[in-house]
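Dock chains B, C and D against chain A, hints included.
Given next are the chains, with one letter for each unit.
There are 4 protein chains.
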Amino acid sequence: MENRLNRFRIIADGKKFKKVFDLNDPKPKGLPNGMIKNDELEQIEVGNSFNLGGKRFFVLPCSLQEYIMEYMHRKTQIIYPKEAGYILLNLDIFPGKKVGEAGTGSGALTTILSRAVGEKGEVHTFERRSDFAEIIQRNLEACREYDNTVYYNKPLQEFEFSPEFDAFFLDMKYPWEVLFKVDAALKPGGRLGLLLPTTNQVTRIISTLQASGYFINEISEIFRRGYKLNAERFRPEDVMTGHTGYLVFASKLINSKE
Amino acid sequence: MENRLNRFRIIADGKKFKKVFDLNDPKPKGLPNGMIKNDELEQIEVGNSFNLGGKRFFVLPCSLQEYIMEYMHRKTQIIYPKEAGYILLNLDIFPGKKVGEAGTGSGALTTILSRAVGEKGEVHTFERRSDFAEIIQRNLEACREYDNTVYYNKPLQEFEFSPEFDAFFLDMKYPWEVLFKVDAALKPGGRLGLLLPTTNQVTRIISTLQASGYFINEISEIFRRGYKLNAERFRPEDVMTGHTGYLVFASKLINSKE
Amino acid sequence: MENRLNRFRIIADGKKFKKVFDLNDPKPKGLPNGMIKNDELEQIEVGNSFNLGGKRFFVLPCSLQEYIMEYMHRKTQIIYPKEAGYILLNLDIFPGKKVGEAGTGSGALTTILSRAVGEKGEVHTFERRSDFAEIIQRNLEACREYDNTVYYNKPLQEFEFSPEFDAFFLDMKYPWEVLFKVDAALKPGGRLGLLLPTTNQVTRIISTLQASGYFINEISEIFRRGYKLNAERFRPEDVMTGHTGYLVFASKLINSKE
Amino acid sequence: MENRLNRFRIIADGKKFKKVFDLNDPKPKGLPNGMIKNDELEQIEVGNSFNLGGKRFFVLPCSLQEYIMEYMHRKTQIIYPKEAGYILLNLDIFPGKKVGEAGTGSGALTTILSRAVGEKGEVHTFERRSDFAEIIQRNLEACREYDNTVYYNKPLQEFEFSPEFDAFFLDMKYPWEVLFKVDAALKPGGRLGLLLPTTNQVTRIISTLQASGYFINEISEIFRRGYKLNAERFRPEDVMTGHTGYLVFASKLINSKE
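Going line by line, the protein sequences match chains A, B, C and D.
Residue numbering for the first sequence follows numbering that gives the first Met the number 0, starting at 0 and increasing by one per position.
Residue numbering for the second sequence follows numbering that gives the first Met the number 0, starting at 0 and increasing by one per position.
Residue numbering for the third sequence follows numbering that gives the first Met the number 0, starting at 0 and increasing by one per position.
Residue numbering for the fourth sequence follows numbering that gives the first Met the number 0, starting at 0 and increasing by one per position.
With the rest of the complex left out, here is chain A (with noise of 0.2 Å):
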């Protein structure tokens, strides 16, 4: 299976000026300085760059991370990639790993859990609201390197489990409420990571998990500070994002109570 980022464009000034495009999409490109044909675009073979309107574009691939954060439609906050990297590598989640995730929301996760698992690996999500539906799928698609990914638009709940799951990841306002099908879910020795905007949220889940037979392997929070771009005046980007979520990362232990 071909991957679908491949169609897609970074544009960009050096300046402020960075937008993804999509080549499928035959419409004409808007830039600050003017319109480019979207065959014209085609053309321009990446790494190369063209003058519009007196300024100077570069032409640049579509890497995942730059679709999600420049281009993915959005009807929830997302996971950002200093998040997404550290959850990648605190879940062990490799070529060929069965991967759960629930709730979906917009799939940005998604797509990335998608690609690391590759062509042998699995990615189930899990999202019960239902207007979430068409932009999950849109993304999905759009981001499709491996057949890989089932998506169920219906709550964790209603399915039954065996203990297959390397990981599972929950992005959801009452994580409690689902462990014991993440129980059933994982292997044991699994790996299970939850993201919580609140410390309210992740007190109690602390004592759930403790509760529930879950070994805590750590809680942490992940920053990224940005830099200006200049040799001569080097210094942080003024504003930086204060707060995403508490990560909270545990193992399953065999006979935890459920």
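Hints should not be assumed to be uniformly reliable.
Unchecked claim - Partial list, computed: chain C residues near chain D (C-beta under 7 Å):
(1) G29
(2) V45
(3) Y85
(4) E220
Since the hints were derived computationally from the structure, they do not count as laboratory data.
Backbone N, C-alpha and C fix where the C-beta goes; we use that ideal spot for every residue, glycine too.
Frame of chain A; chains B, C and D shown alone:
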């Protein structure tokens, strides 16, 4: 090829003790309260626990990240998971990619790259210093899941490249000296990442990249703030890592001046 | 001398609305739900509240910090409380001290210094630019509690000093140009503080200070992370200030080479 | 009254060695390379340097902050300068103010408050535990500049107050137990500050303050990131303090429900 880390175990008491053990090593394993024989440990299923000297110990699978952080032999400052995950996403590293790295150091990032690109991917890692050779080989061997990684104990400057690499990562003191080689190795639009500890190095590499026809995507620092695993007294850990390095990400342009 | 800020009030609703009002200005005060007459507001004791348009508003005293952050007219980036408090302690600024400052900017730090050194202290502040003059005078006047502050609308270079200052603070683009003047003004062992936005400025001032016979005490950044005032959903604010500047603190040595 | 810290000296080598010495103590002072007699040290003007064992040492005045951080006897976690300065500004503490504090701990913040309010101000500090008494008295004595501080070795609950305090600071485990006393002591609109290490304490105090008729101004954490003093290799220090506590600031309303 088998994942060698399947023969490693984490033993932890859920308080302060957490250690990685290698089942391939037949020696008994020393714990705070006594010893456990290797073949006894081998009998205990991951996710299970055992009692020793009145204390309960949990036996858990060892992730690549845990191997790196808790067990890997190091002679150098390694790249931590907080940065490694972010590097994977920023360099768009997924199964099937061809990735270069210089210098290898202790091989921590190398093992992560190897896992991430999977069996159809390739990792080429270059380290000029010979005093790391044994450690690198031992670490690559221990984490080996795919036969996809080549380690060259020679400086990058001695090689001839054609533009076949999707991404390249540089963790070295004077990266500006090898940029012309990376330039020859990267595909057009290919991605370059660097880790640099000092602001002097960063300002110098900004100038060099801009003069050499690279497009700089971003410069970032990544922080991790850990929390104590206590529901009744939830609070951050007293000490945190204050600095590892500045991450610089750039894309190779066509006709860049070498 | 009276504290002028006694004639200022904070009006806040405990949610998002918080604003500073001046009772010396006889005009009615505009609130989200309507207006309150100035003499009505004057009748309300601080700590009390009133209803307007179905909403409750609290009347609180205005601190110097609130005046600076919420009301002060600015033409420049000001020094924030997170840095100002740290500067006071690092420069050992307490009642009775004689303190210099260049450049004045909008006068935010000046008013804090004036308060901190009290009636027996002295603040001398220097600003070469004349376009800030009116704002500086208005701000110093509004916050006046002691008649201890002199503002000079001239560059530091035009003055002759004898070594009588306990401390000096520099908030300017090219501080190395005026170091010889600060050197003449500081007592032996006197303390110098600087705020510098870029790392290039910091590395240059380190070299200059070391070559000019200063003892550098520390270089620091100060961050503030705000939290939402919600007991059931306690969490940090979404956005935080990513950068104001690097603080450099040094002590003047005897026989320093100018 | 004299500033006792005038009889203290910092001796530092500009590298790693930095220590506070008391000239009132006639014993010779031990340095990395040998000893200097007390009366020799007394002869050296601050700002000057001396050679000992082939190494140069600088003699500098000792600030209150340096005394606290480098010399003060402690039996408790103290309040650091990064928080102390921010507390001064948020509680609007300046010369002439009447300020309360409970518990005293080792007296670090007490000495800062005493200096900040000056000779016309007052500090009343309350500590129920008697095992800190000797340390508190020694620290207050050493830093004494004004005769403006009263230390009570009794719990706050045993006192009767009338509303005369401009500000009150609480650094104790169960601050909600004494809020009714603070309430009686603060002027209308008076300012309350608290330092709390855990989020559980913070969520509890938010509820209590809101139920007791306080207006919460803000909740903040303050971080300090130190940098190495090296112009050619400018970079942050490897380790930083990850947590001291959450700062809560509130104002007393009239008719607050006790």
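Hint by hint, here is what the structure shows:
Given the 7 Å rule on beta carbons, the hint for G29 (chain C) is violated: about 21 Å separates it from the nearest Cβ of chain D. With its C-beta approaching chain D no nearer than about 4 Å, V45 (chain C) sits inside the 7 Å limit, and its interface hint holds. Evaluation of the Y85 (chain C) hint against chain D yields a held restraint, the C-beta minimum of about 5 Å falling below 7 Å. Given hint, E220 (chain C) at the interface with chain D, holds; its Cβ is 4 Å from that chain's nearest Cβ, closer than 7 Å.
Checked against the numbered hints given earlier, this structure breaks only hint 1.
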